[in-house]
Amino acid sequence: MKRSVLVIAALPLLLLNGCGHSRGIYSNYRNVEELQLVRTLGVDASGEGLVLSAAAGRPQNGTPPAIVRRSVLSVPQGMDALQRRTPRGQLYFAHTQYLVLGQAFAETGADGILDFVERDIRTRMGASLFVVRGGTAEALITGSGKDWDVSDVLTALKSETDERGESHVFDVRETAVALSEYGAALVYALRPADTEGSVFALTPGLAAVPDGYGILRGGALIGFLDGAQSRAASLMLGKLGTVTQELPDGAGGKVTAELSCGAPEITLVRAAGGALCLSVRAAPTVVIAALDTAREDVLDDASLEALAAESGVRLRRDLEAVLARSRAENADFLSLGRAIRAQGIDPGSLPSDWLRTLKVSVSVEPLVRHSYDMDAPAGTDGGGAA
Amino acid sequence: MTRQDRLSPRQFVAAVFLSALSLLIRRFPRSLAARAGRGALLAVPLSALPMLALIAAAYLLFRRRAAGSGLSEVFTDLLGRTPGRLLTGLYGLWFVLYAGFLLRTGADRMLTAVYTGTQPWVFICIMAPVCAAAAAGRLLPLARSAMIFRPLMLGLILAVALLTAKDLDLTLLRPLPPVDAAVAASALEIANLLTIAFFLGFGADRLERPLRVRDWAPWLAALLGVIGLMTALCLGMFGQELTAKLRFPYFMLVRDLTVLGALERVEPVVIALWVFPDFVLISLLLHLAAGNLRFSLSLRAGRALPLLCAAAAAAAALALPGGIDAQRRLSERVVPILCAALGFGPLPLLLPIAALRERTQKRTRAHDRRNQA
Chain P
37 MKRSVLVIAA LPLLLLNGCG HSRGIYSNYR NVEELQLVRT LGVDASGEGL
87 VLSAAAGRPQ NGTPPAIVRR SVLSVPQGMD ALQRRTPRGQ LYFAHTQYLV
137 LGQAFAETGA DGILDFVERD IRTRMGASLF VVRGGTAEAL ITGSGKDWDV
187 SDVLTALKSE TDERGESHVF DVRETAVALS EYGAALVYAL RPADTEGSVF
237 ALTPGLAAVP DGYGILRGGA LIGFLDGAQS RAASLMLGKL GTVTQELPDG
287 AGGKVTAELS CGAPEITLVR AAGGALCLSV RAAPTVVIAA LDTAREDVLD
337 DASLEALAAE SGVRLRRDLE AVLARSRAEN ADFLSLGRAI RAQGIDPGSL
387 PSDWLRTLKV SVSVEPLVRH SYDMDAPAGT DGGGAA
Chain C
292 MTRQDRLSPR QFVAAVFLSA LSLLIRRFPR SLAARAGRGA LLAVPLSALP
342 MLALIAAAYL LFRRRAAGSG LSEVFTDLLG RTPGRLLTGL YGLWFVLYAG
392 FLLRTGADRM LTAVYTGTQP WVFICIMAPV CAAAAAGRLL PLARSAMIFR
442 PLMLGLILAV ALLTAKDLDL TLLRPLPPVD AAVAASALEI ANLLTIAFFL
492 GFGADRLERP LRVRDWAPWL AALLGVIGLM TALCLGMFGQ ELTAKLRFPY
542 FMLVRDLTVL GALERVEPVV IALWVFPDFV LISLLLHLAA GNLRFSLSLR
592 AGRALPLLCA AAAAAAALAL PGGIDAQRRL SERVVPILCA ALGFGPLPLL
642 LPIAALRERT QKRTRAHDRR NQA
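As given, the protein sequences belong to chains P and C, one line each in that order. Per our numbering, the very first residue in the first sequence carries number 37; after that it's consecutive. Per our numbering, the very first residue in the second sequence carries number 292; after that it's consecutive.
No lab work stands behind these hints, which were simulated from the structure alone. The reader is advised that the hints may include incorrect statements.
[Stated by the list, open to error] Some chain C residues near chain P, calculated using beta-carbon distances under 10 angstroms:
1. Gln295
2. Asp296
3. Ser299
4. Arg329
5. Ile346
6. Ala347
7. Leu454
8. Asp458
9. Leu464
10. Arg465
11. Pro466
12. Asp471
13. Gln618
[Said to hold, decoys possible] DEER-style ranges, computed between Cβ atoms:
14. C:Arg624 with P:Lys182: 57 to 63 angstroms
15. P:Asp262 with C:Arg619: 58 to 64 angstroms
16. P:Ala308 with C:Gly446: 53 to 59 angstroms
17. P:Gln126 with C:Leu343: 51 to 57 angstroms
18. P:Glu401 with C:Leu554: 21 to 27 angstroms
19. C:Arg435 with P:Pro95: 46 to 52 angstroms
20. P:Asp183 with C:Gly613: 55 to 61 angstroms
21. P:Glu301 with C:Gly446: 35 to 41 angstroms
Computed from a prediction, not measured in an experiment: that's the story for all the values here. Positions of the beta carbon are idealized from the N, C-alpha and C atoms, including for glycine.
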């Protein structure tokens with residue numbers, strides 16, 4: 037009896053029929069050498085459907101990466117269609133690192149692709165999300181040089197952004213959570229840039245440069261944040277690293293400062309009459325990095341105070357501008373709801389137009405240092421004698 | 292039951308704990324988030340109240356019973372021989388269907404989360420014979436395997452928690468809503484997990500000694516801790532709306548896990564490890580189903596009945612509808628309601644009878660003593 041039970045129990049092992057393609061559980065077995073690991077997936081609008089483009093990683097043997105594109109009606113259909121068009125190997129989407137959306141596609145609504153990535157097991161929510169400002173993902177993916185591809189460009193861009201900290205590359209999960217919890221989100225915007233004449237050792241092609249943030253409201257792209265506003269948005273989200281700021285010295289010269297700031301303190305208070313008032317308080321550190329001035333007293337206490345005041349005024353103006361934009365668009369892309377929640381208040385319990393009617397008060401209290409302050413104690417920003 | 296097939300209370304509790312792990316991954320924390328949002332975090336400790344009530348009821352039922360009494364004996368003792376046997380047989384049939392449902396949902400989990408290119412019958416046809424072989428044997432090896440799998444599963448859950456902790460946004464857990472009807476309903480949904488302990492009560496005749504509080508209390512706390520941890524991780528990672536939207540939010544959370552910056556896409560391993568609790572639970576149900584039917588129909592002991600039960604469960608699994616909507620209806624409405632009805636339902640009938648019986652026995656004993664005096 038025991039033997040017969042063992043035989044019965046062992047029979048299903050016949051279903052584990054090795055590495056071949058079959059209807060068994062090894063139906064999704066893939067030979068690693070034959071895989072084309074997709075690193076970048078692009079989505080663009082096209083008539084009633086969309087264009088899906090994919091760039092695989094560069095194979096070890098130095099051959100150019102597989103780049104495929106296809107016009108389709110839906111993303112799942114598109115991924116299957118790309119599979120059939122691949123020049124070699126099998127496309128494997130499980131390690132997709134970058135998801136690039138064309139501006140026109142994002143304007144019609146990116147929530148569909150986000151929803152797909154959330155649910156589909158082939159992709160992952162940790163993929164970084166980009167929107168191509170004034171262009172298409174397809175052009176970016178197919179337009180790279182022969183020696184490099186779009187994934188190299190995006191890797192470099194992300195790495196530089198992480199280090200410089202002027203803006204932030206959000207991933208699909210962060211974007212999806214911001215959209216579902218606060219109704220709006222920011223997405224890293226980039227602009228195609230031709231490298232002709234600026235890249236010498238490599239073949240020219242289409243690269244990308246950072247270009248602020250795209251604003252998603254309810255899943256659709258409604259606009260962009262530029263320059264100072266995108267910096268201020270990064271600061272509001274606690275994502276700003278060290279950035280440079282040029283300040284006038286008051287005598288025609290300029291002082292270059294490095295500005296760094298942690299997440300600002302955001303508090304919601306109810307003013308008299310029940311109006312909601314949001315208080316934003318930032319305390320950036322401004323380090324004097326370079327001087328281009330004829331003034332000799334520029335590092336005096338009084339001058340430093342004036343520089344600090346000027347830095348604070350500029351930063352406050354930028355913060356007020358980005359907050360005004362958020363209220364004007366009625367899009368909480370700065371995740372103010374998050375700060376409100378941190379105070380134990382559910383944004384859902386506030387009136388539906390709370391963002392539009394919000395009174396905002398911004399205060400910036402910069403602290404100025406200069407990098408050769410010999411009087412400062414060792415170990416501080418001023419350096420000093422050990 | 293053989294003389295060697297005796298379970299220690301620790302082994303019995305391990306089997307219940309692992310069975311509950313198998314059940315909770317099917318719906319939690321998605322259904323909790325869908326119903327109560329962030330209030331799911333409140334529902335977890337709140338569920339201890341109905342759970343303790345169920346445990347107290349089980350204590351009352353088994354109080355002053357000789358060792359070797361399972362639920363079958365309780366039924367026949369309290370309800371009479373024929374109704375007791377009929378009810379035991381009904382539970383046997385339910386266990387077969389329940390095992391079939393678990394086989395199917397386990398297969399669908401594999402299809403949804405890992406092996407998209409295949410069919411559910413592959414997994415059903417592999418799992419059913421393996422569980423049949425285990426169910427045809429004694430209960431003790433199953434309980435021992437539960438003892439082995441329990442630290443493995445707890446280690447896995449803790450490792451996932453540690454690796455995801457850095458990405459959590461704790462503000463997504465705040466503010467906690469007041470305890471309302473949705474939170475209370477979620478608490479009952481969690482407590483419904485413990486009906487599996489009631490079902491496994493049919494195997495309580497194999498217990499070496501009655502359970503004491505110190506046997507089960509730490510593991511009840513651990514179970515609630517696991518549910519609370521999974522809920523907090525998913526809510527802190529995805530927020531309440533996204534958690535409610537994803538089919539298996541816990542596995543989606545594992546999908547984006549990177550181990551030491553080197554290992555990615557480890558979710559197939561985590562999902563595959565959940566086969567162990569499934570194996571223990573399905574095997575236990577088939578074993579108990581065979582025991583119940585044998586008791587009910589006065590059949591001789593043998594291995595044919597567990598194999599037949601397994602075949603019937605596999606057939607039920609293959610016959611279940613495959614559409615997402617139908618499965619969701621089964622998973623979220625039909626099966627939980629049946630579990631609650633069969634797990635909590637007999638108690639209002641059994642407890643008064645047990646109380647009356649006890650009172651009558653007391654009076655009889657007192658009367659006997661007076662007569663003797």
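*Check the following: the C-beta atoms of Glu401 (chain P) and Leu554 (chain C) are separated by a distance inside 21 to 27 angstroms.*
violated, 45 angstroms
*Have a go at the Leu464 (chain C) hint: is there a Cβ in chain P nearer than 10 angstroms to its own Cβ?*
Cβ of Leu464 (chain C) sits 9 angstroms from chain P, so the hint holds.
*If you take the shortest Cβ to Cβ gap from Asp471 (chain C) to chain P, is it below 10 angstroms?*
violated, 13 angstroms
*With chain P as the partner, please determine if Ser299 (chain C) meets the hint condition of a C-beta pair closer than 10 angstroms.*
violated, 25 angstroms
_Given Gln618 (chain C) as an interface hint, is its Cβ closer than 10 angstroms to any Cβ of chain P?_
Violated, because the Cβ-Cβ distance from Gln618 (chain C) to chain P comes to roughly 15 angstroms (cut-off 10 angstroms).
*asked:* I want to verify a distance hint. Is the separation of the beta carbons of Ala308 (chain P) and Gly446 (chain C) within 53 to 59 angstroms?
replied: Hint holds: Cβ distance 56 angstroms, inside 53 to 59 angstroms.
*Note whether the CB distance of Asp183 (chain P) and Gly613 (chain C) lies within 55 to 61 angstroms or breaks it.*
Once the Cβ atoms are compared, 49 angstroms apart, the range 55 to 61 angstroms for Gly613 (chain C) and Asp183 (chain P) is violated.
*asked:* Can you tell me whether the CB distance of Gln126 (chain P) to Leu343 (chain C) sits inside 51 to 57 angstroms?
replied: About 54 angstroms separates the Cβ atoms of Gln126 (chain P) and Leu343 (chain C), which means 51 to 57 angstroms holds.
_Whether the CB-CB distance between Arg435 (chain C) and Pro95 (chain P) falls inside 46 to 52 angstroms_ = For Pro95 (chain P) against Arg435 (chain C), whose Cβ atoms are near 50 angstroms apart, the range 46 to 52 angstroms holds.
_Holds or violated: the hint that Leu454 (chain C) contacts chain P, with Cβ atoms closer than 10 angstroms._
violated, 13 angstroms
*Mind checking the CB of Pro466 (chain C) against every CB in chain P and telling me if the closest is under 10 angstroms?*
holds, 4 angstroms
*Given Asp458 (chain C) as an interface hint, is the shortest Cβ-Cβ distance to chain P below 10 angstroms?*
holds, 8 angstroms
Hints 1, 2, 3, 5, 6, 7, 12, 13, 15, 18 and 20, counting from the list given before, are not met by this structure.
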